[in-house]
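Chains as they are written, first to last, in my numbering: chain A, 1 to 315; chain B, 1 to 349; chain C, 1 to 54.
Because the hints were derived from the structure by calculation, they are not lab data.
If you're wondering where the values come from, they're calculated on a predicted model, not measured in any experiment.
Beta carbons are placed, not taken as given, at the ideal position from N, Cα and C, and that holds for glycine.
Treat the hints with caution; some may be incorrect.
[Claimed, not checked] Subject to a maximum C-alpha distance of 25 Å in a straight line, what follows is the list of computed BS3-like cross-link-like pairs (lysine-lysine): (1) A:LYS282 x C:LYS51; (2) C:LYS51 x B:LYS31; (3) B:LYS66 x A:LYS70; (4) A:LYS17 x A:LYS70.
[Stated by the list, open to error] A few chain C residues that face chain A, going by a derived Cβ cut-off under 8 Å, partial list only: (5) ASP14; (6) PHE18; (7) VAL40; (8) ASN46; (9) PHE49; (10) VAL50; (11) LYS51.
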Amino acid sequence: MESYTEQIRTLAVDLLKSGKVDVVIGYRKGSVPMATVPFMARTPEQAKQLTWDSHCTLNLANYLTNRQEKIGIIAKGCDSRNIVNHIVENKINRDQLHIIGVPCKGMVNPKELQALLDDKIVSYSESGSTLTIASSQAEIKIEREDHLRDNCSLCTHRNPVIYDDLVGEVVTEPVLDDPFKDVNAIEAMDTDTKWNYFDDLLDGCIRCYACRNACPLCYCPTCFVDESDPQWVGKGQNETDIKTFHFLRAFHCAGRCTDCGACEAACPMDIHVRAFTRKLIKDSKELFGWEAGLDISKRPPLDTFAPDDPNDFIK
Amino acid sequence: MKVIKIDKNQWTQGVDAARKSYQLFGPVKIKENYCFAPLQGTQQPDMNVVDTVLSPKSAVFPQTEKLLSATLDASKPAHHLMKRADTDYSPRAVIGIRPFDARAIDLVKLNFDTKEYRDPYWCDAHDATTFVGLAVNTPSQFDFSTSMGSGPFDEKGLDVLLVDTDSAYLAKVITEKGQAFMACAGFDQEATPDDVQKIEALKKTAEQAITTKVDTDNLKEKSLLDLHQAPFWDDVAFSCINCGTCTFVCPTCWCFDIQDETKGNDTIRFRNWDSCMSPLFTLHGSGHNPRGEKTQRVRQRFMHKLKYFLDKYDQGTMCVGCGRCVKSCPVNIDIREVCNLMNAYEPQK
Amino acid sequence: MMASLLEHMGMEKDRVQFSWISSAEATKFATVAREVAQSVEALGPNTKFVKGSD
Numbered sequence: 001m002e003s004y005t006e007q008i009r010t011l012a013v014d015l016l017k018s019g020k021v022d023v024v025i026g027y028r029k030g031s032v033p034m035a036t037v038p039f040m041a042r043t044p045e046q047a048k049q050l051t052w053d054s055h056c057t058l059n060l061a062n063y064l065t066n067r068q069e070k071i072g073i074i075a076k077g078c079d080s081r082n083i084v085n086h087i088v089e090n091k092i093n094r095d096q097l098h099i100i101g102v103p104c105k106g107m108v109n110p111k112e113l114q115a116l117l118d119d120k121i122v123s124y125s126e127s128g129s130t131l132t133i134a135s136s137q138a139e140i141k142i143e144r145e146d147h148l149r150d151n152c153s154l155c156t157h158r159n160p161v162i163y164d165d166l167v168g169e170v171v172t173e174p175v176l177d178d179p180f181k182d183v184n185a186i187e188a189m190d191t192d193t194k195w196n197y198f199d200d201l202l203d204g205c206i207r208c209y210a211c212r213n214a215c216p217l218c219y220c221p222t223c224f225v226d227e228s229d230p231q232w233v234g235k236g237q238n239e240t241d242i243k244t245f246h247f248l249r250a251f252h253c254a255g256r257c258t259d260c261g262a263c264e265a266a267c268p269m270d271i272h273v274r275a276f277t278r279k280l281i282k283d284s285k286e287l288f289g290w291e292a293g294l295d296i297s298k299r300p301p302l303d304t305f306a307p308d309d310p311n312d313f314i315k
Numbered sequence: 001m002k003v004i005k006i007d008k009n010q011w012t013q014g015v016d017a018a019r020k021s022y023q024l025f026g027p028v029k030i031k032e033n034y035c036f037a038p039l040q041g042t043q044q045p046d047m048n049v050v051d052t053v054l055s056p057k058s059a060v061f062p063q064t065e066k067l068l069s070a071t072l073d074a075s076k077p078a079h080h081l082m083k084r085a086d087t088d089y090s091p092r093a094v095i096g097i098r099p100f101d102a103r104a105i106d107l108v109k110l111n112f113d114t115k116e117y118r119d120p121y122w123c124d125a126h127d128a129t130t131f132v133g134l135a136v137n138t139p140s141q142f143d144f145s146t147s148m149g150s151g152p153f154d155e156k157g158l159d160v161l162l163v164d165t166d167s168a169y170l171a172k173v174i175t176e177k178g179q180a181f182m183a184c185a186g187f188d189q190e191a192t193p194d195d196v197q198k199i200e201a202l203k204k205t206a207e208q209a210i211t212t213k214v215d216t217d218n219l220k221e222k223s224l225l226d227l228h229q230a231p232f233w234d235d236v237a238f239s240c241i242n243c244g245t246c247t248f249v250c251p252t253c254w255c256f257d258i259q260d261e262t263k264g265n266d267t268i269r270f271r272n273w274d275s276c277m278s279p280l281f282t283l284h285g286s287g288h289n290p291r292g293e294k295t296q297r298v299r300q301r302f303m304h305k306l307k308y309f310l311d312k313y314d315q316g317t318m319c320v321g322c323g324r325c326v327k328s329c330p331v332n333i334d335i336r337e338v339c340n341l342m343n344a345y346e347p348q349k
Numbered sequence: 001m002m003a004s005l006l007e008h009m010g011m012e013k014d015r016v017q018f019s020w021i022s023s024a025e026a027t028k029f030a031t032v033a034r035e036v037a038q039s040v041e042a043l044g045p046n047t048k049f050v051k052g053s054d
């Protein structure tokens with residue numbers, strides 16, 4: 001994916017020079033190995049800092065909400081679906097955007113890579129499908145496919161679904177035999193085991209709200225957890241409050257989540273927060289035949305009522 | 001200053017002896033990450049972990065802390081009176097606290113223990129705590145404590161400083177509280193002059209291993225208003241998602257929110273960690289919010305850490321260089337870069 | 001979907017139940033209310049999502 005960087009820069013420089021957009025939102029290199037920083041380039045000169053690699057794990061659609069300018073935005077498969085979502089939900093207008101689509105080959109987890117070496121990683125590079133990581137003592141080459149983030153290994157929408165320019169060649173979409181293996185594993189547990197599983201999952205949550213803030217879907221001016229009159233959820237470390245926050249936030253994303261994984265990428269405590277939304281993605285598919293962000297002309301299932309909506313849970 | 005030698009194979013039994021008289025806190029693994037937490041049962045502190053995700057500030061400043069309780073139920077004793085919570089302030093010891101974290105707690109004390117007001121919750125906890133520090137022999141890549149008034153072997157805020165010399169810990173006993181802890185644990189073998197020499201050598205190696213240098217020498221003389229109006233804040237703030245991770249992992253962040261939770265006739269007043277990153281942090285009752293824009297909040301955080309605190313207390317910046325925010329920030333906003341920007345800033349005339 | 005997520009998290013299935021009942025369907029209301037009360041009571045006191053008094 002490193003040749004993507006050159007193409008992205010060229011496109012961005014042209015867009016800014018021609019005045020087609022006011023800003024371009026993408027990533028630049030961070031201050032520590034493997035880090036990337038969401039970045040807004042306002043001039044062609046700044047656009048030369050744009051970069052793309054297998055660590056672009058956040059969702060840039062998060063930065064579009066309610067903006068007024070003409071924006072060039074770099075979007076991988078999942079990001080583009082969130083852009084569709086944003087347009088359907090009136091958080092940005094289609095004609096404000098010039099979407100630079102990136103067919104995604106998957107993202108990796110820096111902590112997982114660090115665990116492969118005894119000493120701290122001091123340099124990182126990639127070429128094609130091979131990633132090279134090095135500490136002061138050792139250097140290894142690994143294949144990206146073997147170290148994909150959980151959500152990337154389950155992804156079937158790597159190619160952007162909406163774009164004005166496409167960087168590179170379209171990639172083959174994987175076909176998964178058991179796309180919801182992780183959800184099924186939990187469904188197979190009995191009630192108490194399930195409860196303990198989620199209790200254990202949330203052990204360590206510090207209510208920093210990085211998951212909520214990294215998520216493009218979470219754009220409420222005042223989140224339900226921040227309300228105090230009436231107060232729906234306690235703000236402290238009580239485990240019921242913590243569980244309620246995650247349950248309800250996931251439910252607010254029902255039928256809208258694209259499994260981009262920004263929530264897990266942002267979490268400082270490495271909590272597997274996608275466990276909640278994965279179940280809802282499966283339900284969306286099975287109950288409504290719906291996958292979020294694929295069709296700009298349709299509204300999500302919890303937004304509309306159709307006479308043939310599933311009914312068998314109602315007495 | 002007395003230096004005690006603790007053979008590593010005597011360490012665990014010493015900790016167990018101390019456990020009888022102190023509530024112990026130390027670094028332990030929680031799922032994938034290390035944090036400071038109360039040691040349960042016979043749990044030993046992990047003395048090999050270089051950096052913890054969360055700082056030990058929760059030992060004196062818990063994330064959720066009960067302050068007061070009250071009941072309107074006239075049939076109960078002490079009704080209609082606010083009663084202070086029954087927190088256990090019996091002696092505590094934080095084992096394995098890093099020098100930068102100990103300095104951080106010392107800096108926070110400037111805020112909670114002033115001429116005008118003494119925060120009883122924080123101060124009672126602090127008074128009850130003995131800080132048994134562990135020098136950092138191999139600083140992490142995020143450690144820049146030497147630039148921020150601390151260092152891997154700094155003794156500020158500590159009662160004991162342990163130095164790991166492979167087969168033993170050499171303990172510099174700094175205060176009387178530290179001496180009491182050592183006696184309780186049964187650590188009393190004095191170190192030889194040869195042993196003591198090792199400390200200097202390890203200290204030098206550790207300090208040299210910190211290669212990041214952050215410039216702070218100009219911060220004091222920069223005009224606060226100039227820095228406040230600098231043009232780089234928009235760029236610094238763009239990627240910020242206002243989550244609060246930086247404030248929660250930071251050992252010097254002390255902001256809190258006080259809340260009542262009421263059920264029927266009973267109420268409990270809590271305080272929780274709060275974050276200046278939250279949009280509602282400065283929301284006034286009138287509806288006005290002086291920091292309603294993200295850039296204002298991000299700017300405020302760095303100005304507070306690196307300028308306001310420096311100007312107010314003249315004890316250095318409020319950043320001790322632990323690097324946790326750099327490591328945990330989801331968008332890699334780096335305080336080292338921002339500090340250098342601030343230190344070098346010259347307004348265009 | 002809400003009931004499904006609650007069940008997925010380990011809440012017993014019968015604790016949350018749904019029914020469409022118009023204000024003109026008094027008999028149905030009484031019947032459903034009785035049924036729900038019985039099935040929930042059979043599960044015993046709820047311990048999940050209950051905030052402790054800490």
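Exercise for the section: May I ask you to test the interface hint for C:VAL50 with respect to chain A, counting a Cβ-Cβ separation under 8 Å as satisfied? Expected result: Where the cut-off is 8 Å and the nearest Cβ of chain A is about 6 Å from C:VAL50, the hint holds.
Practice task
Hold the hint about C:PHE18 up to the distance rule: shortest CB distance to chain A must be less than 8 Å.
Solution key: Hint on C:PHE18: holds, closest Cβ of chain A at ~5 Å, below 8 Å.
Handout entry: Restraint outcome when C:ASP14 is required to lie within 8 Å of chain A by C-beta distance
Key = violated, 11 Å
Problem - Pair hint outcome, C:LYS51 versus B:LYS31 [Cα-Cα no greater than 25 Å] - result: Satisfied, since the Cα-Cα distance of roughly 24 Å is no more than 25 Å.
Practice task
For the pair supplied as a hint, A:LYS17 and A:LYS70, confirm whether the alpha-carbon distance does not exceed 25 Å.
Solution key: holds, 13 Å
Exercise for the section: Against chain A, run the beta carbon of C:PHE49 and see if the smallest gap drops under 8 Å. Expected result: Given a least distance of 6 Å, the restraint on C:PHE49 holds.
Practice task
Please verify that hint: C:VAL40, Cβ, nearest Cβ of chain A, below 8 Å or not.
Solution key: violated, 13 Å
Practice task
With a cut-off of 25 Å on the C-alpha distance, tell me whether B:LYS66 and A:LYS70 pass.
Solution key: The hint is violated at about 49 Å.
Problem - Satisfaction of the C:LYS51 interface hint, Cβ to chain A closer than 8 Å - result: holds, 4 Å
Practice task
Please work out if A:LYS282 and C:LYS51 have their alpha carbons no farther apart than 25 Å.
Solution key: violated, 29 Å
Handout entry: Per-residue hint verdict: C:ASN46, partner chain A, C-beta under 8 Å
Key = violated, 12 Å
Consistency with the previously given hints fails for numbers 1, 3, 5, 7 and 8, ordered from lowest to highest.
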